[in-house]
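A.B. asks: Heads up: the sequence lines are chains A and B, in that order. Residues 1 to 327 in the working numbering are what the first sequence spells out, letter by letter. Residues 1001 to 1763 in the working numbering are what the second sequence spells out, letter by letter.
Hints were generated in silico from the structure; no laboratory data involved. Note that the structure is predicted; figures quoted are calculated from it, not measured. Ideal Cβ placement from N, Cα and C applies to all residues, glycine included. Watch out, some of these pointers could steer you wrong.
Here are the in silico distance ranges between beta carbons for each label pair [unchecked claim]:
(1) Arg1062(B) x Gly303(A): 54 to 60 Å
(2) Gly1027(B) x Ala290(A): 44 to 50 Å
(3) Gly1378(B) x Gln101(A): 37 to 43 Å
(4) Gln181(A) x Arg1108(B): 43 to 49 Å
Examples of chain B residues lying across from chain A (beta carbon under 7 Å, computed) [to be verified]:
(5) Ser1419
(6) Phe1637
(7) Leu1677
(8) Val1690
(9) Thr1758
Derived BS3-like pairs (lysine-lysine); straight-line CA-CA distance at most 30 Å [what the hints assert, rightly or not]:
(10) Lys1136(B) x Lys322(A)
(11) Lys84(A) x Lys1136(B)
(12) Lys1136(B) x Lys1060(B)
(13) Lys1761(B) x Lys38(A)
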Amino acid sequence: MRDFSYLRAGSIDAARQAAALPGAMLLAGGTTLIDLAKCGVAEPETLVDITHLKGLDSIEVSERGATIGTLAKMGHVADHADIKSRFPAVSEALWQAASAQIRNMATIGGNLMQRTRCPYFRDPSNFPACNKREPGSGCSAIGGVTRGHAVLGTSDACIAMYPGDLAVALVAFDAIVHLGQRQIPVDDFFLLPGATPDKEHAIEPGEMITAIEIPSLASARRSTYLKIRDRQSYEFAAASAAVGIEFEADGRTIRDLRVALGGVATKPWRARAVEDALKGKVLEPDAVRAASLLAVEGAVDHGANHYKIELAPRVVARAILKMGETA
Amino acid sequence: MTVHNIRHGDASDGAEAVGGRLSRVDGPAKITGAAKYAVEQQLEGLAYAVLVESTIASGKVRAIDTKAAEAAPGVLQVLTPDTIISLRTASDWFGTPPPDKPYCPLARDITFSGQHVAAIVAETFEQAVAAAALVKLSYDEAPSIVDLSDAKAGDGIPIDAMTKEWGDAQAAFASAPVRICAAYNTPREYQAPMEPHGLIARWEGDQLTVWEPSQWLDGMARTYAEWFGVPFENVRLVSPYIGGGFGSKALALSHGAVAACAAKMLGRPVRLVMTRPQTFTGYGGRAATRQTVTIGADAQGKIQSIVHRGVNETSIDGMWVEPLGSVTSIMYATPNFSSKQNVVRVNSVVPGAMRAPGENPSAFGIESAIDELAYEVGIDPLEIRLRNYAEQDPYAKKAWSTRQLREAFAAGAERFGWSKRSPEPRSMRDGNQLIGWGVAAGTYPVRRAYGEAIVRILADGSVEVESSSIDMGQGTYTILAQTAAETVGVRADDVVVKLGDSRFPRAGVTGGSRLAGVMTGAVYKAATSALDQLVGLAISDPRSPFHALQANTLVVANGRIGSPRGDGPDVSIAELLKSVGRDHIEATGDTMPANSTPEDRYKNYTTIAMALPHTEGDYSRHSWCAHFIEVHVDEDFGTVRVSRVVSALDSGRLYNPKLAESQWKGGIIMGIGQALLEEGIVDRRHGRIVNNNLADYLVPTNADIPDIEVISVGIPDLHSSVLGGKGVGELAIVGVAPAIANAVFHATGKRVRDLPITLEKLI
Ligand SMILES: Cc1cc2nc3c(=O)[nH]c(=O)nc-3n(C[C@H](O)[C@H](O)[C@H](O)COP(=O)(O)OP(=O)(O)OC[C@H]3O[C@@H](n4cnc5c(N)ncnc54)[C@H](O)[C@@H]3O)c2cc1C
Ligand code: SF4
């Protein structure tokens, strides 16, 4: 870690301006940023602390949806009564993320912006080659230890997995990221690595997440987040699925279905092919299992992560069937 | 007047005697943060050292460019192989005289990734970290051998001392009606103590003080003394509390040498603490192992032959033997047996001791294999173990001192409900969850050495115990207080135990589960002689209120002295000492043989050469256990969850059941981690562990651990220790991984022979 200066922003505008300067970074809960600074990955010259800004930590739920301020803590959102009842998948995704200690520190905006856990990305002194860290330097992961790497959305430049849970639920329900004036659908907020894996988000210097908005949807009310991993708690997903269903009046025919995958892709992964295959159909186990295979269409493995291609459809199927049972 | 009776083995009378469930006396200090760990000492003029490590696994350091680091703010020193002072090679832990050659803790010749090559010393920790990043290393890289499966690794070096053979194992196997043969692998595993390794070193003239978490003060003090060529007495090791060791904190390591060199060169105290990633390469975890176990049996499952071959990793220039035949050779009766072991050199740090080295992987092999045999023959896995029960040590051909394993099987099976098990694999389920029940046994030898202690009875009637042994959470402070309390006749509350300073009377290594047996014996002896002095004074000193009584003995209990029949005075210890004009009574006790020379003592406390073999004399001494484990395996996801554990254990007499149960449970939890999660993953191109942090190297969380029931089936074993206890700390991890693997087979019909049992092995 190198020396940096610390600046406590007095207002949102001041924070934006300060963060637009080269070498400046916003500091929220610090659970990603300080960690990466210690690894030598993040080398901020100035940390712009936004945790004291007023009015950014509210959680407002109305008939139209939920608006969650960027500084709301993961733990608070997970535990919020209206979030739990109207957006169970969001609450469950947060509950299963990280540890209680981290959830008490970490913010919603910081959570979206968390970086990959690719071990090569996190160890610059041993692995100088990493296109995400140093564009054009190569990718150390390809040909190396890949058990945790993505099978969907990869490129020749980078196969790093997006590790977060919350954004998977958000992408399923068409949430919107508020960047002050500008608003952008969360699915567009996260970028595929392509040839520029260093550019992860559609956010420009001088911009700052202010809030997340989740529209009210019937499918979000009947939703769940299923996270599969070797360790019962405090581990990133081997594969996960956010699923929400809305049935027709008959209680069997699927009117709306939302499916997104975590732990397997380079960004929170909406599985529209699964949704389209089942919408308008009666929920029936074999059909669900068959359709769930579409979740990993086009998946490419790198050896040790092959199991994710087997696992992800099973997770999707289980989650859909579980939501069907609650009918 | 009251006569106080102490009821042994029961704390309900408030005496908290040996055998009582006294809570950890160091608990409040740890919980409130008052406990000061070694590197938390505040010293005037402290400087901070940070290590720079190799990023290649094999080759030579061509050049070290330190210019930028030297110029960085706050930097006091840049140590490289060229600038660091030269040390002498120290003897190994057996005390073998070392080769007469210099020792440099910073390497030019690289044999593993993460080897220490340079160090920065600066005014602040942050400055040292920043400067360390500026050191530029260039290498001449050479090909490396990654691990056991590397094509270049070869068969390795035969370790003849590990060979155990009787009968004609190959021939008996060839003619056996039932034969099974399988290979079992365990990966590199890491101790991962909460408190990382580190130290503060300070020189005053040629006197060195080292504050360092240590499982062996006197052994480490010897190493430091030999490195620097100063008398043993000049080195003081201080280690009041240890945040977990699991075998990894018994030896002085190269980072300690670097810090002590820096302190000497700078003339200031120096602190060096490893980063978490450095703890994966700065010293060794459990060696990766590979075993083949071949069993020939008759149609009833009675074993006729076991052929066992084992291999473990060691480093390029260090030797670590993980004794893989240790459980294989004693668990079951067999007329024919053969076990041999090789070690293979790979480019890694030299592996080290980790909870039950040898027994742990050994049990994974034999306890999985016997399970496979049970299915092959078609009998219950518990029944096959009883059919092959070893009535004596099959290898040493000696009687067991005590072996309550049959009792452990019976008690565990009863409590677990084993008789309700449905024998077929995949025959028990709950929705998507396949349920499996597995059993496995474990054992650990009783290692014995000698210790010494001082017991003082102070003017206020309290008792003080001093010993250079240590408490790394296992409860030494507590059981020594109980031992002194019971022996002298005071309440445990009135005993202060001081540990972790090499100036105190000495103790051998805290490893191999030997310390409790050794130190309770030493404290018992010292306390007995302090009590004898006290009673002697009370009877014979003319100023004593008991002088006129003409008694030949007195009773001391709860801090008061009275006559056995209760017909004389009743005074507190403090009152008695005052009346006879003494401000304290002091006695030293040790368990060394009577005619031991000072050289014997030095050797005993600073090496492991004097440790008594567990088969010394007429008996073979071991602790034993049986684990019964239930798992739920998700049939779609392959995730394994341990849902129930019942373990019955024979550690002989328990000095404090509460603490023993905690240690057993800790061992079982570590075993669950070993079975399901733990594995150092190596990048084969770089020969480097990539999951070198606690987010990626997974150990169990609370959510992974069900209620664990432990049952003590031990009886006092006076062949094993003065007070009848056998080993506790390492026993319980042995057998957990095979019990889980066996349960997973029962649940799924899939036999996983490579640990850990991660989900991709089951989907
Ligand atoms: C051991 C470990 C395990 C974890 N496990 C999980 C898990 O299972 N699931 C999961 O989802 N997460 C997991 N996490 C990640 C954790 O959730 C994130 O670290 C956390 O959410 C980040 O929030 P923060 O407020 O601490 O962000 P910070 O560390 O303060 O910031 C993170 C990044 O976001 C930027 N940033 C912060 N706020 C804003 C804003 N308003 N606008 C623009 N940029 C901003 C910062 O500049 C920085 O680059 C884990 C983390 C750790 C360390
Ligand atoms: S996968 Fe991406 S993050 Fe990982 S090393 Fe390759 S480029 Fe870097």
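A.B. asks: Hint numbers the structure violates, sorted upward?
C.D. replies: 1, 2, 3, 4, 5, 10, 11, 13
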